[in-house]
Amino acid sequence: MEKFRKVTGVAAPMDMINIDTDKIIPKLHLRTIKRTGLGKFLFEELRYTPDGKENPDFILNKEPYRNARIIIGGDNFGCGSSREHAPWALMDFGIRCVISTSFADIFYNNCFKNGILPIRVSKDELDALMADASDPENPELTIDLEEMLIRRPNGAAISFKLEEFRRDCLLDGLDDIGITMQKNESIGAFEEKQRLSQPWLYPAAAE
66 MEKFRKVTGV AAPMDMINID TDKIIPKLHL RTIKRTGLGK FLFEELRYTP DGKENPDFIL
126 NKEPYRNARI IIGGDNFGCG SSREHAPWAL MDFGIRCVIS TSFADIFYNN CFKNGILPIR
186 VSKDELDALM ADASDPENPE LTIDLEEMLI RRPNGAAISF KLEEFRRDCL LDGLDDIGIT
246 MQKNESIGAF EEKQRLSQPW LYPAAAE
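Take any residue in the sequence shown, note its place counting from 1, add 65, and you have its number in our numbering.
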């Protein structure tokens with residue numbers, strides 16, 4: 066999993082509440098189990114017109130937001146189904162951080178497993194960041210995970226909280242498999258000890 070330490074990039078304002086996972090990636094794209102290639106379908110029903118053309122009014126179709134790396138979203142971001150394809154699509158588009166006042170629990174957890182940092186802020190902080198992102202002349206934010214700070218275009222900073230375990234996993238680029246592989250030596254030692262003490266569990270080795 067890609068490490069997350071400090072990300073600087075365009076923040077896209079999406080001032081909508083209850084942005085659900087079906088809006089993030091429609092269900093007809095859930096047939097794949099690949100984590101790549103879904104970026105072109107991100108927010109498909111908002112991003113394209115029924116005839117397949119870009120919707121000029123949608124924020125990610127406007128400059129400079131086509132290259133957004135951060136989304137500023139309304140309350141309850143990521144509600145709806147538990148599909149992991151939602152963070153896959155965000156990541157494939159290039160989004161590394163989503164900021165909101167609240168997230169649906171499953172989406173929140175899925176973000177950490179895919180290298181995306183979801184940040185909870187207060188309503189006043191969200192309003193300030195939404196205003197920053199809405200200025201197309203200078204909508205860049207810096208997310209500093211080591212310092213746990215959101216650095217705004219005017220030089221001010223907003224601190225955020227995060228569980229230490231989640232922070233360390235993102236800093237080191239560890240998902241569940243990566244965490245398990247860190248214990249590979251101990252797992253191998255246990256299996257060898259068990260093979261010697263209970264050889265009947267390993268018939269091929271006992272022969």
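Derived by calculation from the structure, the hints in this document are not laboratory data.
Don't be surprised by glycine CBs; every beta carbon is placed ideally from N, CA and C.
Each hint should be verified, as a subset may be incorrect.
Simulated restraints on C-beta separations [claimed, not checked]:
#, residue 1, residue 2, range
1, D116, E250, 19 to 29 angstroms
2, T73, S199, 12 to 22 angstroms
3, L261, I82, 57 to 67 angstroms
4, S251, A221, 14 to 24 angstroms
5, K248, N203, 38 to 48 angstroms
6, N83, M246, 34 to 44 angstroms
Here are the simulated BS3-like pairs of lysine-lysine, each with C-alpha atoms no more than 27 angstroms apart in a straight line [what the hints assert, rightly or not]:
#, residue 1, residue 2
7, K105, K127
8, K178, K92
9, K226, K71
Each hint, compared with the structure:
Separation of D116 from E250 is about 57 angstroms and departs from the stated range, judged on CB atoms against 19 to 29 angstroms. Our hint of 12 to 22 angstroms for T73 and S199 holds, since their Cβ atoms are close to 18 angstroms apart. Taking 57 to 67 angstroms as the suggested C-beta distance range, the pair L261 and I82 conforms, at roughly 59 angstroms. The beta-carbon spacing between S251 and A221, approximately 46 angstroms, falls outside the hinted interval of 14 to 24 angstroms.
For K248 paired with N203, a C-beta distance near 45 angstroms keeps the hint of 38 to 48 angstroms intact. In this structure the supplied range 34 to 44 angstroms holds for N83 paired with M246, their Cβ-Cβ distance being about 37 angstroms. A threshold of 27 angstroms between alpha carbons decides the hint, and for K105 with K127 the separation of about 15 angstroms falls inside it, so the pair holds. Restraint check for K178 and K92: the C-alpha separation of about 21 angstroms stays at or below 27 angstroms, so the hint holds.
A hinted pair counts as satisfied when its Cα atoms are at most 27 angstroms apart, and K226 with K71 qualifies at roughly 15 angstroms.
Going down the numbered hints, you'll see the structure goes against 1 and 4, while the others check out.
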